[in-house]
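In order, the protein sequences belong to chains L and P.
Counting from 1, position 303 in the first sequence corresponds to residue 303 in the numbering used here; the numbering is continuous, with no gaps.
Counting from 1, position 179 in the second sequence corresponds to residue 179 in the numbering used here; the numbering is continuous, with no gaps.
None of these hints come from the bench; they were simulated from the model.
Heads up, a few of these hints could be off.
Identical copies go unnamed one by one, so any copy, or any two together, can satisfy a pair.
Computed list of lysine to any residue pairs in SDA-like fashion (alpha-carbon distance at most 20 Å, straight line) [what the hints assert, rightly or not]:
hint, residue 1, residue 2
1, Lys172, Pro303
2, Lys188, Arg308
3, Lys65, Arg31
4, Lys30, Ala60
5, Lys30, Lys65
6, Lys30, Gly64
7, Lys175, Asp211
8, Lys65, Arg259
9, Lys295, Asp344
10, Lys188, Thr356
11, Lys231, Leu168
12, Lys330, Ala102
13, Lys337, Phe357
Since we're looking at a predicted model, the values are computed, not measured.
2 protein chains.
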Amino acid sequence: MKRRDFVKKIGLGGLATGGLLGAAPSHAAKRVNWKMVTTWPPNFPIFQDGVERFAKDVRAMSGGKMSIHTFAAGELIPAMQSFDAVSQGTVEMGHGAAYYWAGKIPAAQFFTAVPFGMNAQGMNAWLTSGGGLELWHEVYAPHGLIAFPMGNTGVQMGGWFRKKINALADLKGIKMRIPGLGGKVIAKAGVNPVLLAGGEIYTALERGTIDATEWVGPYHDMRLGLHRAAKYYYYPGWQEPGPTLELSINLKAWNELPRDLQLIVQTAAAASNAWMGAEFQARNIESLRSLRDDKKIEILPFPDDVLRGLRGFTQETLDELAEKDALFKKVYNAYRKFSAGNEDWNAISEVAYARTFTL
Amino acid sequence: MKRRDFVKKIGLGGLATGGLLGAAPSHAAKRVNWKMVTTWPPNFPIFQDGVERFAKDVRAMSGGKMSIHTFAAGELIPAMQSFDAVSQGTVEMGHGAAYYWAGKIPAAQFFTAVPFGMNAQGMNAWLTSGGGLELWHEVYAPHGLIAFPMGNTGVQMGGWFRKKINALADLKGIKMRIPGLGGKVIAKAGVNPVLLAGGEIYTALERGTIDATEWVGPYHDMRLGLHRAAKYYYYPGWQEPGPTLELSINLKAWNELPRDLQLIVQTAAAASNAWMGAEFQARNIESLRSLRDDKKIEILPFPDDVLRGLRGFTQETLDELAEKDALFKKVYNAYRKFSAGNEDWNAISEVAYARTFTL
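When you get a sec, could you build the whole thing from the sequences and use the hints?
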């Protein structure tokens with residue numbers, strides 16, 4: 001009962017446009033001390049950096065009225081328990097990615113990335129100005145949570161392969177580290193998708209325990225040393241074309257936060273969202289430059305046949321999930337409607353413009 | 001002399017990474033009341049909206065400590081005098097686009113957009129994480145100004161034409177409303193570029209006083225009624241592939257602003273930058289949908305021949321300007337270096353990914 005009251009109180013429709021109906025009314029003098037857990041290892045570049053930056057910004061902008069004490073994965077709570085910790089109010093805030101909670105909420109995946117879905121620009125437009133954030137809030141409210149986009153890796157890379165992939169059939173029997181929906185989709189092509197934590201990937205690939213892995217993009221992949229463990233680096237990252245990272249907040253704590261601090265949190269998250277996107281782009285540019293000089297590797301596009309096949313399997317996978325889960329179906333439909341328009345506009349703006357560089 | 005002291009004081013290198021070395025040290029209790037002039041008509045959608053939103057955010061986040069009174073173009077100062085007004089401290093802040101000041105500072109154009117230059121994602125990466133903002137500050141400091149990116153229209157449209165363009169030669173003798181570098185470039189193809197204020201464009205095009213015009217994108221173009229004044233709507237907007245709008249601030253006023261308020265201003269600008277980008281994308285998607293249903297118009301790509309020609313003329317134009325102005329050359333070189341890497345990374349990320357939609 002109480003939970004439902006909160007949902008009403010926050011005035012879901014208004015949040016995305018800056019209305020903060022449920023907030024405490026005045027500029028309270030009381031100091032706020034919050035805890036924030038993340039799903040990232042300590043010092044994980046850009047990801048954890050963006051979180052620290054956000055916490056620092058909130059503290060400074062509030063003139064010290066609000067302090068957020070950040071904890072990397074495992075420092076207070078294991079990474080994959082952060083959803084429950086924030087939901088139950090053990091801590092007030094979390095940072096990760098909504099698709100990590102697909103087991104509890106299949107629909108949450110649309111708020112991060114789905115294979116052959118929208119890129120960062122599309123996700124930001126949908127979430128900010130296309131009704132996406134309101135849907136996200138609706139999906140999270142029954143779990144006592146509210147979330148905001150905070151970070152985006154941009155288009156990822158398709159991954160590192162020990163053997164060359166010439167056709168869809170070459171994927172059959174391959175053991176690949178690839179989590180989530182990407183793993184479900186590529187399994188339909190005969191890949192055996194496995195889960196491995198970041199720290200285990202290099203050794204597994206180098207020793208041939210796995211045949212392939214996806215990770216993030218040139219910058220993070222090089223830091224993990226993957227270019228020394230496999231020869232073929234494939235693009236594009238069809239499985240994660242622009243994953244949005246999430247700031248999750250306990251809904252009760254959020255509703256009790258004074259209005260000015262709510263706005264400080266939301267604005268700092270938006271700034272951090274943009275900062276992380278810019279950092280990923282700039283660092284990937286630099287790392288790609290080094291990789292281009294590395295004669296031991298080959299940077300290759302997936303064959304059209306492979307991409308066409310994976311796109312078909314993606315359609316099948318999403319349709320199957322929509323059959324099983326009404327909330328998934330609802331979000332899928334809204335996402336599809338926006339992304340169809342986004343694709344149409346991109347075709348005559350971004351895509352047509354990028355084409356001029358090839359003339 | 002004094003001016004040079006300010007340049008030193010603000011610690012240019014540190015600003016982009018959040019260092020605010022020159023700020024007043026403590027969380028001052030003194031109320032700050034600033035004036036902000038823009039180059040936009042009152043209620044100009046998204047452009048002026050983003051400014052109002054920014055001012056509202058700053059006031060709310062600062063708990064009322066900082067108020068920014070906004071004035072649309074002409075309400076206090078004519079649009080094109082806002083640079084001087086902010087530079088001289090008549091008002092503390094302005095909003096517009098750096099390329100409006102090309103007459104005073106040719107190099108400023110790189111901080112908005114140049115023909116066949118970087119799109120919004122590239123500009124954000126360069127300015128935030130690639131050294132662009134530091135250069136911008138260096139270019140503006142001698143004018144007593146500091147600036148931050150605040151808004152981006154995304155790739156614009158190429159414009160409305162009363163006659164079909166089948167080849168580069170068809171541009172010869174056309175009278176087109178197209179300002180700035182785009183106008184300089186297209187003049188080399190024999191176009192007669194003219195300047196017209198927004199309010200005059202519809203009538204001029206409808207009556208045939210001009211043969212063509214560029215404006216913004218589907219959303220703003222439809223609001224101006226341009227789809228009722230010309231039949232052919234060309235893409236892509238080679239002349240403005242992702243113009244960054246600017247928040248300009250009087251440098252003395254900025255240096256005297258307490259540190260927490262500086263951070264509030266910077267963060268609100270970053271959030272507003274992202275919000276405007278998302279709004280342009282979402283509103284253009286909707287407007288394009290209506291235009292697609294309009295049987296009286298045709299939405300067409302510029303022929304390859306035209307784009308190839310304009311790209312060559314752009315190269316010539318930029319090289320000529322670099323010959324004449326050392327500061328232009330310096331910024332041009334930095335811009336070119338970053339955008340070459342950006343193009344290389346985009347080719348295997350955004351561009352390769354967008355291609356999967358055509359398979």
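Verification of the hints:
In the homo-oligomer, the alpha carbons of Lys172 and Pro303 lie at most 20 Å apart inside one protomer (15 Å), although the nearest pairing across protomers, at 43 Å, exceeds that limit. Taking identical chains as interchangeable, the C-alpha atoms of Lys188 and Arg308 lie at most 20 Å apart only when both belong to the same chain, with a minimum of 13 Å there against 43 Å between chains. Taking the shortest alpha-carbon separations for Lys65 and Arg31, both the intra-copy value of 5 Å and the inter-copy value of 18 Å come in at or below 20 Å. Within a single copy, Lys30 and Ala60 get their C-alpha atoms as close as 16 Å, and across copies as close as 17 Å, so both meet the 20 Å cut-off.
In this assembly of identical chains, the alpha carbons of Lys30 and Lys65 lie at most 20 Å apart whether taken from the same copy (7 Å) or from different copies (17 Å). Both within a single protomer and between protomers do Lys30 and Gly64 lie at most 20 Å apart by alpha-carbon distance, with minima of 11 Å and 17 Å respectively. With identical chains, the CA atoms of Lys175 and Asp211 are at most 20 Å apart within one copy only, with a shortest distance of 5 Å there and 61 Å across copies. With identical chains, the CA atoms of Lys65 and Arg259 are at most 20 Å apart both within one copy (13 Å) and between copies (15 Å).
Only between protomers do Lys295 and Asp344 lie at most 20 Å apart by alpha-carbon distance; the minimum there is 17 Å, versus 39 Å within a single protomer. In this assembly of identical chains, Lys188 and Thr356 lie within 20 Å of each other by CA distance solely across copies; the values are 19 Å between and 36 Å within a copy. Within a single copy, Lys231 and Leu168 get their C-alpha atoms as close as 19 Å, which meets the 20 Å cut-off; across copies the closest is 45 Å, which misses it. In this assembly of identical chains, Lys330 and Ala102 lie within 20 Å of each other by CA distance solely inside one copy; the values are 15 Å within and 50 Å between copies.
Proximity of Lys337 and Phe357 under a CA criterion of 20 Å is satisfied inter-copy only: 16 Å between copies versus 30 Å inside one chain copy.
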